[in-house]
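**Student:** Given these sequences and hints, build the entire structure.
In the order they appear, the protein sequences are chains S and P.
All residue numbers for the first sequence refer to the numbering used here, where the first residue is 1 and numbers rise by one.
All residue numbers for the second sequence refer to the numbering used here, where the first residue is 1 and numbers rise by one.
Hints were generated in silico from the structure; no laboratory data involved.
Do not rely on the hints blindly, as some may be mistaken.
Here chain P is said to cover these stretches of chain S; the calculated rule only asks that three of the stretch's residues, wherever they fall, bring their Cβ under 8 Å from a Cβ of chain P [unchecked claim]:
{"no.": "1", "region": "122-131"}
{"no.": "2", "region": "148-162"}
{"no.": "3", "region": "197-211"}
{"no.": "4", "region": "231-241"}
{"no.": "5", "region": "347-361"}
{"no.": "6", "region": "376-382"}
With a Cα cut of at most 20 Å, we get these calculated PhoX-like pairs of lysine-lysine [to be verified]:
{"no.": "7", "chain 1": "P", "residue 1": "K366", "chain 2": "P", "residue 2": "K294"}
{"no.": "8", "chain 1": "P", "residue 1": "K388", "chain 2": "P", "residue 2": "K368"}
{"no.": "9", "chain 1": "S", "residue 1": "K250", "chain 2": "S", "residue 2": "K353"}
{"no.": "10", "chain 1": "P", "residue 1": "K3", "chain 2": "P", "residue 2": "K307"}
{"no.": "11", "chain 1": "P", "residue 1": "K435", "chain 2": "S", "residue 2": "K22"}
{"no.": "12", "chain 1": "S", "residue 1": "K22", "chain 2": "P", "residue 2": "K366"}
{"no.": "13", "chain 1": "S", "residue 1": "K22", "chain 2": "P", "residue 2": "K347"}
{"no.": "14", "chain 1": "P", "residue 1": "K368", "chain 2": "P", "residue 2": "K391"}
{"no.": "15", "chain 1": "S", "residue 1": "K324", "chain 2": "P", "residue 2": "K187"}
{"no.": "16", "chain 1": "S", "residue 1": "K61", "chain 2": "P", "residue 2": "K486"}
{"no.": "17", "chain 1": "P", "residue 1": "K3", "chain 2": "S", "residue 2": "K12"}
Using N, Cα and C, we set each Cβ at its ideal position, and we do this for glycine too.
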Amino acid sequence: MRYLPLTQEERKEMLQSLGVDKIDDLFTSIPQQMRLNTDLDLPEPLAEAELVRHFSELASKNNDLKSSVSFLGAGSYDHLIPSAIKHLVGRGEFLTAYTPYQPEITQGVLQSIFEYQTLICELTGMEASNASMYDGASALAEAALMACAATRRELVVLPASLHPEWRDVVRLYLESQNVSIAYLPYDEATGVVDAKAMEDISWSEAACVVVQQPNFFGLLENVGVFKKVAEESGALLVMAVDPISLSLLKSPGELGADIVVGDGQSLGNAMGFGGPSLGFFATTGTKLIRRMPGRVVGETVDTDGTTGFVLTLQTREQHIRREKATSNICSNQALNALMAAIYLSLMGKEGFKDVGYQCLQKANYMKQRLLEIDGLSSPFSAPSFREFVIEGDVDWEEVNMRLAEHGFVGGLPLERFGQPGRVLFSVTEARTKDEIDSYVNLLRGLIS
Amino acid sequence: MTKRRLVPLIFERSAPGRRGYRLPDLDVPEVPVTELIPSEFLRDEPPALPEVSELEVVRHYTQLSRLNHGVDVGFYPLGSCTMKYNPRVHEDVTSLPGFAAIHPYQPEETVQGALELIYNLSEYLAVISGLHATTLQPAAGAHGELTGLMVMKAYHEQRGEGHRNEVIIPDSAHGTNPASCAMVGYKVVEVPSNERGAVDVEALKGLVGPNTAGLMLTNPNTLGLFDENICEIAELIHDAGGLLYYDGANANAIMGIARPGDMGFDIVHFNLHKTFSTPHGGGGPGAGPIVVCKDLAQFLPGPVVAKEGDRYTFVTPENSIGRVRSFYGNFLVYARAYAYILSHGGKGLREVSETAVLHANYMMNKLKDVYQLPYDRTCMHEFVLSGKWQKERHGVRTLDIAKRLLDYGYHAPTVYFPMVVDEAIMIEPTETEPKSTLDEFIEVMRTIAEEAETNPELVTSAPHTTPLKRLDESRAARQPILRWEKA
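**Tutor:** Below, the structure is given as C-alpha cells:
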C-alpha cells in the first residue's frame, strides 16, 4: 500500500514489543461472530496512474462548463476565479490542518478567519460574523432557529420567492423542532412580495421574517416592506443575500437586518456540482452575537503582549454545552472561507464593484436581446440583478438539448419547480457579448 | 498604541486605488445603473475591501500559512480526528474541469460521470458499513448525525410511535451527539461507562423503555476501546423498539475488520475527512454521509442516484425526510474519498485499520509507565492517557504538557476529552506515520514527563519556541474583538 510506510520488519518488531504473535490478537475485543472473515467486496486497488485514468474517464462523461457556455445559476454561479486562489489554498499548511485548537501553532488559519469575518461584516454591514457554515441553505435554517431562541417565539415567516431547495432545508430543520412556518406569496406581476402579502400573518407569534435578496427569480425585493412588519411585531429581520449583489446594493445593515446569511460559492469557489461551498452568517448586537451558531475567532494577546487570535465565545458550542449548545455544528468550511477571503482581497474595493456592475450590465443586455424574440416575454416587472426569468410557449428542456450540440448549456427550465414555460437565466461577468449573441441567435432560429 | 502582530492584517496593507485582479473590459452596451435598479436600492460606497496587489495577497497568505501546523508540516496525533496523510493526487483529479466546473442543475445526460461517481461511492460505503443505502448530502459528521436522527424520527412517526423522544448516549460521547439530539427535539438520556470504559449494560437496562427512540454509540468509543457488549446492547435497544446509531468518528479502527451493520447498527455516519482522508482544510470542508439499513432507505434525504440500465439518474426516496443541504452535498470532498477507496481496495482498507491499531497499541505500551493509563486494555486506533500523576506530583497539567509538545514541533493530542478521564490526553497516531515518527514522539513524551518532574516550570510556561506564547483566551471571550476596525 503506497500510503502505509510500515515495513514487514517493523511490523514484526512492534507486535513483539506488545507480546503478541499476529495482528488479529489486537482485535480480540471484537466478538468473533462480528468479525469479517472475507475482504470487503470492493474493486482491486488502483495505482496512482490508474486512478488518474479512471477519474479522467468519469470526467469525460461530464459536459464541463469550461468547454460549454452556461447560463445556469439558481444558487451556483460561474464567476471568474483568479488563479492565485488555488495555489494559496493548496498549501499544505492550510489544506492539511484542522480546526485551530492550538492557537500558538495555528495563527495562519485563525488570522485568515478573523480577516474573513471582517470582510463578511464589510459586505453585510453587520457587527459580527461567524467562521462560516456548511452552505447558504443550512445557514438560513440556523438563522431561523436562532431567531426562535432569541425571541422565544415559534413561527417563522418565509417568502414563497425563496429558493425552493433552501425552503426545503429550512422546513426540515424547523419541523424537527416543531416550529411553524407561514408563507408570504409573491405578487404574480412583480415577482416580489408586497405589503398586501403581509396581512394574513399572526405577527405577534413570529420569531422572524425572511427575505431573499435577490430572490429566487433574480428580482430585488422591497426589503422595507419586510422591515416594517418586523419592527412593528418584534420579529427579527433575516436576510438571505447574494454576496456579489452586495457590491452594488445597500448593505443589509443599512436596511435594518438582524441576521444576514448567504452562500459564498460565488466568491472564488468552484461550482463543483454544488459543493463544497460555504454559508456565511452575520449578526448585530451583543445579545444576538452570543447566540450565533458555529465557530468564531476573536483577537487577544499572548503572554508577551503580542496580538494574536483564538477560537472564542466557545461556551455557546456543543463540545462544552452539549445538548444546551446553540447548534450542533462543530466544523466550519474553513478552506472555502479562505477562498472567499482571498477572492475578496484580490478583487478589492474597485474590482468587486466591477464584478457586480458587469453582471448587471451583461444580464440586462441578454434580457433585452431575448425579449426581441417574438413570443418571449418577461413575466415579472421588478428590477433584477444577475438573473431573470423569461417566459414563452417553449419546451425549454428540449431547447437546452438542441443547443447543447452548439456548446450551450442554456438557462434553468423552471418546470421542475412548477412553472412550465419559464426559464431562469443567469449571466455573470464571465460571459462575453459574443457568447450571448450566439446563444440568442441560435435560440431565435430554433423557436421562431 | 499600535498593536504588535506577527503578520499585518490584509487591511493594513491596503492603499487606495491598488488592485489585485482585472476583469476583461465590458463588451456590452452600458445602461446607467439607476435605469436598471432604482437608486433607493443602491449603496453610496462600495464595501471597504482591502486594496492590494496580487503579489501582496500571495505573500500575505503565504506568510500566514507559515504560522500554521498541518499534517504536511509534522506529526498531528489529534485524537478522534484521524489526521492521516492526504494524497496529493486527489487534489489533481478532483480539480479536473469535468468535476470542478460542472453545475448542479445541468441535465443528467451531461453529468453521467458525476452521477456514476455518486452511485459507486454510495455502494462502496454500504459495503464498508454492512448496511444498505447511502446519502452523501450531509456536509460534516455533525450534519450526518442530525440527518440520521431525523431519519430515526421519521421511522418512529411512520410506525405511529412518535412519542418516542429519548436517545441514550454514553457519558463518553462526543458533544455533537447530545447537541444533534437537541436539534431534533430529542431528550438526551446519559448512560454511564463501566470500569472497563464501556457502556454499563446493567445501567442501560434501567434506561431503555417505551420512550426510547434509539442509542448513539461510537465504537470503538472515545476511549479508543471496542465495546465488547455490543451484541447485548443492540438486542436491548432493538427489543425496546429503538434504533442503533453508529457515530463513525472512529471508523478508522474497523475497516474490513468488522462492520457496523453486522454489529446491529441501523444508521451510520462516516467522517470522510477522517477515515477516508479528505483534507481537513483548517476546519472544513468535510463530508458526513450516512448509510442506513433497508427499512430506513425510504426516509433518506433526496435526491440519491439510481442506476437504470447503463444510465444513472437522480431519484427521491419514497418517504424522504427532505433536504439537509442544497444540491448533493460536498461533491468535490466525497470525490476524494472515492479516490481513497479505489486506491486501497478491500485488502488495503483492512491494512489501514490494522496498522492504525498496531501503531496506537505500540505507543500506548511505551508510554503507560510514565503517564497513567486509566483503562489498561488493548486499544483500537487511539488511546487515552491521563496527566493525573503529573498534576498531583508536580503541579503540571495536561494543558501544559500539550503546550510543551508544541515546542518539540508536534501538534498536541486532543486534551480534556473524553470527560470521563481526568486530565485526558487522547492520542491517535494514524497508519500513515513511519515508525521513526512514533518512536521520536514517544521519546519526547517521556522527556516531558521527566521535565515535569525535574523542571516543572519549563513545562508550565510552555510553549517557548512557537510564533506566539500562550494566548489569553478568557480576555478574548470577555471583551470580544471579532473583526478589524479602521483606527
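**Student:** All hints are to be evaluated individually against the structure, with a verdict given for each.
**Tutor:** The hints, checked one at a time:
no.	hint	verdict
1	122-131	holds (count 6)
2	148-162	violated (count 0)
3	197-211	violated (count 0)
4	231-241	violated (count 0)
5	347-361	holds (count 13)
6	376-382	violated (count 0)
7	P/K366 x P/K294	44 Å, violated
8	P/K388 x P/K368	12 Å, holds
9	S/K250 x S/K353	13 Å, holds
10	P/K3 x P/K307	60 Å, violated
11	P/K435 x S/K22	18 Å, holds
12	S/K22 x P/K366	19 Å, holds
13	S/K22 x P/K347	16 Å, holds
14	P/K368 x P/K391	16 Å, holds
15	S/K324 x P/K187	11 Å, holds
16	S/K61 x P/K486	50 Å, violated
17	P/K3 x S/K12	55 Å, violated
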